[in-house]
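Taken in order, these protein sequences are the chains called A and B. Under our numbering, residue 304 is the last one in the first sequence; the count climbs by one each step, no gaps. Under our numbering, residue 240 is the last one in the second sequence; the count climbs by one each step, no gaps.
Bear in mind the hints are in silico, worked out from the structure with no lab data behind them. Honestly, I wouldn't trust all of these hints.
Claimed, not checked - Pair ranges (Cβ atoms, derived):
hint	chain 1	residue 1	chain 2	residue 2	range
1	B	Ser188	A	Asn163	28 to 34 Å
2	B	Trp106	A	Asn135	55 to 61 Å
3	A	Arg292	B	Glu137	26 to 32 Å
4	A	Ala91	B	Thr90	21 to 27 Å
5	B	Leu27	A	Arg62	28 to 34 Å
6	A	Ala187	B	Glu134	38 to 44 Å
7	B	Ile155	A	Thr164	46 to 52 Å
8	A	Ile41	B	Glu15	48 to 54 Å
Said to hold, decoys possible - If the Cβ cut is set under 10 Å, some of the chain A residues that face chain B in the computed set are:
hint	residue
9	Leu142
10	Gly160
11	Ile273
As the list claims (entries may be wrong) - Computed footprint of chain A on chain B, listed as stretches where at least three residues anywhere in the stretch have a Cβ under 8 Å from a Cβ of chain A:
hint	region
12	8-17
13	25-36
14	85-93
15	97-107
16	150-156
17	194-204
Every residue, glycine too, gets a C-beta built ideally from N, C-alpha and C.
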Amino acid sequence: MTATSPRPAKTEKARRVGRDTAHSGIRESAASRTIAMAVMIVATLYFLTPIWWLLVASSKTRSDFTTTAPLWFADFALFDNIAALFDYRNAVFLRWLGNSALYAGVGALLATIIAAMAGYAIAKYSFRGRELLFNIILGGVLVPATALALPLFLLFSQVGATNTIWAVFLPSLVSPFGVYLSRIYAAASVPDEIVEAARIDGAGEVRTFFTVATRLMAPALVTIFLFQFVAIWNNFFLPLIMLRDESLFPVTLGLYVWNTQVSQIPDIRALVIVGSLLSIIPLILTFLGLQRFWQSGLASGGLK
Amino acid sequence: MQVFGGFTQYVAVFENEAFWSSIGRVLLFGAVQVPIMLGIALILALLLDSPLVRGSKFFRLAFFAPYAVPSVIAAIMWGFLYSPNLSPFTGVTQSVDFLSAGNVLWSIANVVTWVYVGYNMLIIYSALLAIPSEIYEAARLDGASQLRIAWSIKIPLVVPALVLTGIFSIIGTLQLLAEPQVFQSFTSAVTSTFTPNLTIYSTASVPNISLAAAMSVVLALATFVLSFTVLKLTQRRTAA
């Protein structure tokens, strides 16, 4: 930090803390600041307007929806709409929300544990074929999940397990990207000395993994859980192919089916809109609540 | 009774014109949409990383929020926003038909861009944060502008992140399914063989599940080869 050029007091105040101080030594022109902020504001409008529209549209009565300004509130009927949604056909929507929570919550939890164990094993044990195994798993990252839906359907129909919970749940337990991230993170953050010390203290391998390694790998594990949760919650093709029974649907498939019925049953449109709003709220809240974990986790995954 | 059919289903896949034209359609889609999406993500990440923008934490979350919206829901929302009568922007949607046969592919491209720009931006932004700031300090003292620093220092250093996001985007493009399938409820311009996965789905519904499964395998292989090629090509270019 050398003060080679005299700086007015105003820019001194405008300087920001931390790493930014290093490259704000020379005053940025007001014009470039204005342009940058204008770009930011336009982008914010683009990204948030559809969500805002959904929030406003969900709060309107059926007649206000077509007759009032789409981007501002009219009579506030959000809770009536939610009640109508939950009431429709014996609360089938609540059932779908519950299914999604089960598939995504339990599925992502087990997927994270499996991926962490596999990644830890590849990082910390040397065994024959280790690199081959890892490369095959890496190849799995490049194979799209939807391309596997049809072959999976054939497999599950061999054992008569299509149209069951298992048909959607079991494929959700696999996360090649999770194994990749776990390996990198375990190699970087679990020192061999600690594993060795736990062994000397008499802890078995499984106990060492669960009590020592998982704690050190926590940021990566939260990231894997979160992204697997989103992937399962958003999954559409697999349930579309596997499930016939409406009571097993996740919320995305249920809303899709309702949306195809709008032309025959116009009243269902309001339910699709308020249902869409309810289905994204859990994800947005989860991301906001866990942001400090996934932001650092993304950094470690994206850099390699 | 099942008999091993050799490669008869694969021969049928290669003779299926609808399947190949759907692959052509998503390749065109990807050639336009992926560079635009990654370009926007890169510009936003550079701006967030520059000292020009205040409140970067808010903007980061605002841009990322659409990633929390499932594709099916995003497509339903945009379907309403494109509609000539229900849209908040009827002035635009009544003069441009976003759901016509000529435009619907690009209307879908906008939905995909809307969902994924923030996610890609965060990966690039994380890579920018990892650059030690001493690297800029010298350039700053030499009087380099932010634009110059972005172009000559930052962008070359985030190429690996761009490759990663590019590969994931290619995979996603070839898999395109939920958005066009939802749009079938809004317009008749999206046919049942619009994208490879829609072709696979409609073939499976006939039902001709064996042919559909063979198409899936071909699609998976094509995706693998394409993303692997991108990886190798960019590795060679960055090494040279």
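Each hint tested on the structure:
The hint said 28 to 34 Å for the Cβ distance between B/Ser188 and A/Asn163, and at roughly 30 Å that hint holds. Here the CB-CB span from B/Trp106 to A/Asn135 is close to 38 Å, at odds with the stated 55 to 61 Å. A C-beta distance of roughly 28 Å is found between A/Arg292 and B/Glu137, which places it inside the suggested range of 26 to 32 Å. Roughly 35 Å separates the CB atoms of A/Ala91 and B/Thr90, a value that falls outside the hinted 21 to 27 Å.
A beta carbon spacing of about 43 Å between B/Leu27 and A/Arg62 contradicts the range 28 to 34 Å that was offered as a hint. A hinted range of 38 to 44 Å for the beta carbons of A/Ala187 and B/Glu134 is inconsistent with their spacing of about 27 Å. Separated by about 50 Å at the C-beta atoms, B/Ile155 and A/Thr164 satisfy the suggested range of 46 to 52 Å. Look at A/Ile41 against B/Glu15: about 53 Å separates their beta carbons, and that is inside 48 to 54 Å.
Annotation: A/Leu142 was flagged as interfacial toward chain B, and the flag holds, the nearest CB pair being 5 Å apart, inside 10 Å. For A/Gly160, the shortest C-beta to C-beta distance to chain B is roughly 15 Å, which exceeds 10 Å, and the interface hint is violated. The restraint placing A/Ile273 at the interface with chain B holds, with a minimum CB-CB distance near 8 Å, inside the 10 Å limit. Proximity of the region 8-17 of chain B to chain A, defined as three or more residues with a beta carbon under 8 Å from a beta carbon of that chain, is not established by the 0 residues found.
Counting residues of the region 25-36 of chain B whose C-beta lies closer than 8 Å to any C-beta of chain A gives 0; at least three are required, and the coverage claim is violated. With a cut-off of 8 Å between beta carbons, the region 85-93 of chain B has 4 residues touching chain A; three or more are needed, and the interface restraint holds. Counting residues of the region 97-107 of chain B whose CB falls under 8 Å from any CB of chain A gives 0; the rule of at least 3 is not met. Residues of the region 150-156 of chain B with a Cβ under 8 Å from some Cβ of chain A number 0, which does not satisfy the need for three, so the listed coverage is violated.
Taking a C-beta to C-beta cut-off of 8 Å, the region 194-204 of chain B contributes 4 residues in contact with chain A, enough for the three needed, and the coverage statement holds.
In summary, the structure is inconsistent with hints 2, 4, 5, 6, 10, 12, 13, 15 and 16 from the numbered list given earlier, while agreeing with the others.
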